[in-house]
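Chemist: As you go down the protein sequences, you meet chains Y and D in turn. Read left to right, the first sequence gives residues 1 to 344 (our numbering). Read left to right, the second sequence gives residues 1 to 51 (our numbering).
Do not rely on the hints blindly, as some may be mistaken.
[Claimed, not checked] List time: in silico DSS-like cross-link candidates among lysine-lysine, alpha-carbon distance up to 30 Å: (1) Lys12(D) with Lys264(Y); (2) Lys215(Y) with Lys42(D); (3) Lys143(Y) with Lys127(Y); (4) Lys121(Y) with Lys215(Y); (5) Lys121(Y) with Lys196(Y); (6) Lys143(Y) with Lys196(Y).
Hints in this document: simulated from the structure, not taken from any laboratory. Nothing here was measured: the structure is a model prediction, and the numbers come from that model.
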Amino acid sequence: MRTCKQMFLIYLLILIGFGVEATNKDKIKGNRVISDPIEDNVYIAGSRVTIDAVIGGDLTAAGWTIRVNDSVQEDLLLAGGDIHINGVIGDDAKVAGRDIRVSRNVHGDLIVSGASVQIDKDVEIDKNLIIFAGEVLISGTVKGNINVSGGIVTFDGTALQELGIQADELIMNGSIHGPATFVGSEVEIGEDMEFKDDVSYWREQGELDLTSFAKGAVIFDEELDPDKKDTGKSFFGLGRITFWLLYGLSVALVMLVLVTLFNKTFQKSGEQINHPFIRNFGYGILYFFGLLVITLLSFLLVIGIPIGLVTLIILAFSLLFANAISSMVIAHGLNIRYEKNWGK
Amino acid sequence: MLVALLSYLLLKLVSLIPFVGWLVVMIIIVTAFGSLFLTHAKWRKQAVDTV
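Bound conformation, chain D alone (with noise of 0.2 Å):
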């Protein structure tokens, strides 16, 4: 939690930043969404192979 919550103050001082630093957040958050959709496909595909 405490290592989550410092890396979100650090992606809002990073986005304080104009255009590089709102772009390196996007980036940022672009590729965690990935992975979270990912990870979800995974699952996914797991679960219907399962079946």
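Here chain Y stands alone, though its shape is the one from the complex (with noise of 0.2 Å):
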């Protein structure tokens, strides 16, 4: 089921990063309208989807419009353009989208990214908020930790763990009960302003005089700035490294997997591959363009969705593992091109 719903979230986003959903916004038919409540976990997709009624499992859903107006049980997982969460989410709520609104509590862990975010007022997250966002408002309590990316970030709610944000204007008018770091081009703050704990920050134009704001530590970090974070010095610092190393550990999990289910199959495409390249070449652009063609015929005709439904996932798997793919073949070629016995 998990894999399922990962796989349906890879639909999802790619659906939103080609930008199928708007060229098509008209020939995706459908308002989508859950009216009597489900106890099983619901997967719905359209230009508009609404939810009105209670949903006892998890919600996967995508669509131009999506109204959430009643409580989820448990999971809710949203990609769309307008998103609208006026229901109370079970568990974790993860969104992604142009415009997202959440205005009832959500009992798990919240993670979003969009063009504009905003967190009402009166909405608790029981725990993490974690957004990347261009515009972000939040203006609810948090009971987790909050961490945040933006370009315009304005926090004028309740934090009452950790606090980190980076923004490029960041106006702070909250409170925050935890330890606060917060990083901006631009940074004002508010007169309702209160750090309840130490604070460090960093902005450009220079330190700030917080001493009237803030019960702890009050911390000007050089080291905050994103610039000095992002320097050759850095390059090889022990994050850099890290990252690499899960980098290379990925793939090469990646690789073992697609070596144990499909090895007969790459060893037959190393025969293959050794033969004309031209061959190979003219198939390869027959495959990607057809998977291509047929996604977007199966989208175009409706009742073809769920065979482009389909081609998409494979579309989408062969682009996101491409170089894994690709090199697995090129190894089995080489191998067999030079007589070679590397093993699996």
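Work from the hints to combine the two standalone chains into their complex.
Modeler: See the structure below:
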């Protein structure tokens, strides 16, 4: 079920990423409305998705406009353009979209990515809040940690644990009970701001006078300067090394899974890649364009949407793992061409 | 596995070169998928012929 969800999310993200929903706005037919309670998990897609009844399991939805007007008792996974969550979410919520507004409590983590994100005043997030967005307004209460990365960020809510914000323009006018770290080119502190623990910060214009707002220690930390973090000096730093190590391991893992599942196919294709280049290249073009054309045609004909979904998932998988798959074929090809025995 | 990993790193490095690198990597990827597609097509043909 988890894999199914992840594949569906990949599909949703690609749907947005390729702008299919924009071009086919009027072609993805149907306003999908759920008006009767459903005890099970729900997977739904349409130009406009409206949830007007309780969902007993997870809700996974994609659409141009999404309105969740009633509670979802487990996880929420949404991707779309204009998204409004107006029902209580029983567990984690993961949302990607253009304009996102959260108006009701979330009892788990809330992870949001979008152009504009708004968390309303009376909203309570029981666990962590993670946001990547252009414009962010947080007015609610977060019981876990807050981690925000955005362009214009306004915080006038309450953070009960740690807070970390990185923004171009930052307006702070809320209450933070735990340690706070914030970085911004421009930082403005409102008169209602309260820092109840230590504060570390950096801003381009220099130091701020936070003594009247903070109860703990206040540190203007030059090391938080994002430009300093990205210098060549730290290129081989511990963070980067860890990142590349994890990246290498994840690639190796993907390859291990591929070779375990499809070793025979890779061996055969290793033989095949040593045949004339133009034939392989031609069929490769046919494969990618064929999948793309079938997918687009399937989405244009509403009845073909299930086929379109399958081909889109295959295309997404091919693109996501293109380098890893190609490397496996090349390695097998070299193995056969030079009659080596590199093993698995 | 090691050769595959090295090939992967090489592809990644080449893909960092603007335009020419992108083109080369694209051609390699398309060719690799073409060979996979042909392998699969051959197997299907063999299976159909056997039936």
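Chemist: With the threshold set at 30 Å, check whether the alpha-carbon distance from Lys215(Y) to Lys42(D) stays at or below it.
Modeler: 73 Å, violated
Chemist: Is the straight-line distance between the alpha-carbon of Lys121(Y) and that of Lys196(Y) 30 Å or less?
Modeler: This hinted pair holds, its Cα atoms lying about 20 Å apart.
Chemist: Take the C-alpha atoms of Lys143(Y) and Lys196(Y), compute the straight-line distance between them, and say whether it is at most 30 Å.
Modeler: Satisfied, since the Cα-Cα distance of roughly 15 Å is no more than 30 Å.
Chemist: Taken at face value, is the distance from the CA of Lys215(Y) to the CA of Lys121(Y) at most 30 Å?
Modeler: 24 Å, holds
Chemist: Compare the distance between the alpha carbons of Lys143(Y) and Lys127(Y) with 30 Å, and conclude whether the hinted pair is satisfied.
Modeler: 6 Å, holds
Chemist: Take the C-alpha atoms of Lys12(D) and Lys264(Y), compute the straight-line distance between them, and say whether it is at most 30 Å.
Modeler: 25 Å, holds
Hint compliance for this structure: hint 2 is the single one not met.
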